[in-house]
Amino acid sequence: MLRKLLIGTALASGLAFAAHAEDVKEVQMLHWWTSGGEAAALNVLKEDLSKEGYAWKDVPVAGGGGDAAMTALKAMVAAGNYPTASQMLGYTVLDYAAAGVMGDLTETAVKEGWDKSVPAALQKFSVYDGKWVAAPVNVHSVNWLWINKAVMDKIGGTEPKTFDDFVALLDKAKAAGVIPLALGGQNWQEATMFDSVVLSTGGPEFYKKAFNDLDEEALKSDTMKKSFDNLAKLVTYVDPNFSGRDWNLATAMVIKGDALVQVMGDWAKGEFNAAKKAPGTDFLCYRFPGTDGSVIYNSDMFGMFNVPDDRKAAQVALATATLSKSFQSAFNVVKGSVPARTDVPDTDFDACGKKGMADLKAANEGGTLFGSLAQGYGAPPAVANAYKDVVSKFVHGQIKTSDEAVTELVKAIDDAK
Amino acid sequence: MSTVAETSMTLTPEHETRPSASVRSRLQDALPKIVLAPSFAATIVFVYGFILWTIYLSFTNSKTFPSYAITGPRAYQRLWRWTFESDPPSSWYTSITNMGIFGFLYIFICLALGLFLAILLDQKIRGEGMLRPIYLYPMALSFIVTGVAWKWFLDPGLGLEQTLHQWGWTSFHFDWIKNKDFVIYTVVIAGVWQASGFIMAMFLAGLRGIDGEIMKAAQIDGATTFQLYRRIVIPLLRPVFLSAFIVLAHLAIKSYDLVVALTSGGPGGSAWLPSNFMYEYTFKRNEMAVGSASAVIMLMTITAIIVPYLYSELREKPR
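In order, the protein sequences belong to chains A and B. Numbering of the first sequence is given in this note's numbering, commencing with residue 199 and proceeding in unit increments. Numbering of the second sequence is given in this note's numbering, commencing with residue 899 and proceeding in unit increments.
Since the hints were made in silico from the structure, they are not lab data. Keep in mind that a hint or two might mislead.
What follows is a list of derived Cβ distance ranges for each label pair [unchecked claim]:
| id | chain 1 | residue 1 | chain 2 | residue 2 | range |
| --- | --- | --- | --- | --- | --- |
| 1 | B | 938 | A | 599 | 28 to 38 Å |
| 2 | B | 972 | A | 348 | 53 to 63 Å |
| 3 | B | 1068 | A | 403 | 42 to 52 Å |
| 4 | B | 1063 | A | 362 | 33 to 43 Å |
| 5 | B | 1060 | A | 415 | 47 to 57 Å |
| 6 | B | 972 | A | 546 | 45 to 55 Å |
| 7 | B | 1068 | A | 413 | 25 to 35 Å |
All residues carry an ideal CB built from backbone N, CA and C; glycine is no exception.
So here's chain B without its partners, still in its complex pose (with noise of 0.2 Å):
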């Protein structure tokens, strides 16, 4: 090894004085930069580019087609008025609480299930192999599929209601998705079956990358299963609790059409979510001002979420 690294040195000058080598030595420097410049420039376009690009619009008067006089911030005037209208509660104000209830309920019970789930299968059990893709197939289908499926069988007439009414237990009654209190919940419990498989993978790999020496150590001293749970394996999965609140939180806030496929917007627009909001007020109602103002709320309101988030989790990385 040493005399590779003495060869290596005292060659180091002559290479220097070599023009050739000295471009490609250059050209490997910045061949990675060469090669990200094309998606870093896309990214800067399309992703921040036109987050400004929304921002402006959202105050101007825009209606049908953009336009490009600042009018000041009308839109956002309307939208705030609108969050406190809760009786007769106006679209803006539900489609914000239902994403409140969406957001924290599909995220918690899909962390929740995910990580009870891949407790379970941990256990060295037989099938395991069958049983994972089992839970995992969901996350392969499309929102749209899911919302469709899940619509026919909550449906009253058609679906668990019908068929229970027709062996006999006549007295059930589950009209959820009928219901304009209740129907933001049927697409919680469609969101959880899709996504919480995939989580219990997530957790499954991370079950996976922990060391048994530790678990080892912790049952010579005599740590039960609930204190080996509780008190080391939870806290090592750590990190892939931030990667599934992240995968959650942003399928969460773009469940638009689940939204559509599973209720198409709930009796008087009670499912909508700030998406569906947003759709409809840019592309249906000509709005365009206020489409992109309630976008600029829903970008703050993730960002006041994640960032802390992140920070909190990723500044103790170096120790």
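This is chain A alone, in the form it adopts within the complex (with noise of 0.2 Å):
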């Protein structure tokens, strides 16, 4: 019935449009992408738009932030007033394909080569029954760690290679007095870091079963108990006043030295950009112990939706430069991300993005490119919440074991999915 409506609103619209026999120059975006950094690598694209006649405009979002713009979008597709493109995450992407309000940008695709350079696992929430719905503008990846390098020299450690070798490192910061884990205790940090530790504690394949297949048997397997007395470890090196802390404030005291690591999304290489911080000098990208060859990726797309026809040139020109390789290179520079084709040239980027942009091409090639269930690319935000429920929930001991923490993880999946 919505979908009839959402149809029949749209046709509506798209009638009362086609007087008009003009195509319509501008690109009508709606996006979060507000703060400095941000903003200047969005700027990038405004301008390739502009050089080709394309004005842009801002759908305006009260508040900022993913939340307060999905719930606008949510009012504008239902109201029937879609924009060129949204900024969206994951799963969202689906949820309005399946509504049958996204446009199908597949002509365009096939003639620019995006199935062959956008990473398959990526394709699968740009394409949707066959069909090009979005445009993915970056990859993160999140299993990262974040050193102080000046702190790394003072207490005389070198790259952890495997869980061990990191609790050791933690352990030898301990004993110089510094924190030695940065990590700010709100839901989504903590599942971040976890989908790190599942990774580095299974194995690929594992990570894959439990965490992209939601399979019941990896879930309450001995190696999720595993997993969990692993983040039970690393949270002993925490400071106490962790609870609540905003990621950026954790990368912060890596940056000033009071703490040794952050387990953080590439996104935290861009506070370090902001900091005048260069990498390899001042501060060290790992990945996370015991998780190399592998890739936990988040990425951001723009949805594109099923404007009326005099519209869909705008879109196509927004598509086309989203995925443009001069785009795609200037913008992931600014954003701390890689591009999202894979080949895309790297020299521009710093050391932390070459190593990035090499690693993605490598976990696509060897199917080890997998997506984060706490960044909502692992399964539905049903799902990806339950999940970080329990998680948080056992960091600040209201779920006391491991024993408990599986039980009422493979609960709240079954409860959620």
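With the hints as a guide, bring both chains together as one complex.
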């Protein structure tokens, strides 16, 4: 019924617009990239489009942040007033596609060769029912360690290769009187770290089974219990005041040298860049110990809506510009992520970016590129949030043992499916 | 007076025969209804219509978008199950127990503190005009501002604890805001700070409305100050208690933003209130049916508390 209603309104507005023969030279864009670095990165796209004669119009969102934007989008779509495109994450794209409101970019995709250059794992979210409905903008990966080099030198640490190495390194930092692990005690940060712990503890096959396929055997296995034990171990290295801290404040602790390391996605690099810190000399980026060769990703997408015909040309221009090699490079250098296509030259990227791009390519070819459950790329939001609840309750002590955590995890995921 | 009444009475039949006057008087009769109609219609649609709409949605399997096929009370069954999951606490269990703790303490402390401050301010003290706005101003702040300010003040690494440590009291320990078992009480502290001044102003207005003659009569009869307040003033303030209770009850139910700004949900979601639960499930987890069901339960709970109270208070009016 809703679909009929939506299609009805879409048709009605389409008819109304059909009177205008000329194409609308304007791109309406809903997004929440408003902070300094992100806005600067998006400006590259605005300039690219204005060169082709398309004006850029931001759809205003009251009160910033992805949640507010998604609520605004829901209202716009329900009213039949589609933006040209919207920043979207993971399963949201598929939800909207299932409601029949997304456009079809397959023609452009074939012409531009997206299906060959965009990693297959990403296409799961940008292609619905054989049709391209979204243009991926970047690939973030979450299994990174961000280390303050000065602190690392002071305690004489080296790159940890296994989980035990990592624990030994944290012990060294503790002995030296530095906060070993900077963590923000919000459920998504704890769960993001747990993603890496599970990949490290169980290996790529196990991660995929448990967190992408939601296989019950894997979820209640001893490996999962061991993963919770490892998480509990890591939590002993955080400062007592961690609960509720924002992720960028945790990053700032590493930047200032109050803490040794943070486990966080590569958006943390933006904070280091903003503080004028250089990779290799001021900070180090390593893969989470025991996860080298695999990449847990999330990705920002521009979902393309089923706009009236006279606005389609602008949409195609936007999509083409978004996945052009020059924009992919320029944008991701600023944003800290890596390009969403694997054939972009890495010349402009710093050391961490180059490693990220090489890892993504290898993981794509080796089949070890997995969606992050904490970031909503492993399972739909209901499941992902049930998972974050369990991890957070385990970290903060409402769930006391790893046995109980595993039972709760299976129950919560089953309940949310 | 009597002549005027007589003339108007004799004139009335003549007026009624003139059609223009009849239209005017009918218009005058209908005017209040016409003026009220738009807001009445808006209320019918946007309050009661959407209440029905929410009840309807709670019986469907709506996820990201509303779906219209009734699929039964599964959302309620899930909430019912979650109501009894106390170890580890389900989000719903946490939300409703927090609502109980927060609602009771917030309303009770605000009423007690507001009344106490009002009685003190009513003692004809100097500088009342300056003191009153000082207590009242927190109400002018939004919950977000209150939440953020108290978040910093209560943060052990930034606020009170850190400051006292720097002053040399190093054994001082106050980390409620980081503690899953106590975080809800920090919400009470911030909420009481914000609202008690306003409640004070309500009680002060009530106190000023009490007839001085009654007080004097009581004093002549030899009542002590305590007896005066216990037996005469507080019972006379009963209508103020009703208004204050209703104001506080609805503030307590809707203090979503205070929880978010102050605790961002608390460690492991331990500061959630039902409103946080509703928003989280409807808009973030795409479980619109569960969100709607929780909203319906919130509404029914409020109804169950407010309606008997209103009934018992308002029934006595036409004595």
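Each hint, compared with the structure:
For the pair residue 938 of chain B and residue 599 of chain A, the beta carbons lie near 58 Å from each other, so the given range of 28 to 38 Å is not met. Residue 972 of chain B and residue 348 of chain A have their C-beta atoms about 56 Å apart, which keeps the hinted 53 to 63 Å range intact. Here the CB-CB span from residue 1068 of chain B to residue 403 of chain A is close to 51 Å, well matched to the stated 42 to 52 Å. Roughly 36 Å separates the CB atoms of residue 1063 of chain B and residue 362 of chain A, a value that falls within the hinted 33 to 43 Å.
The supplied range of 47 to 57 Å is met by residue 1060 of chain B and residue 415 of chain A, whose beta-carbon atoms lie about 48 Å from each other. Our hint of 45 to 55 Å for residue 972 of chain B and residue 546 of chain A holds, since their Cβ atoms are close to 53 Å apart. Remark: the range hint 25 to 35 Å for residue 1068 of chain B to residue 413 of chain A is contradicted by a beta-carbon distance near 51 Å.
Hint compliance for this structure: hints 1, 7 are not met, and every other hint is.
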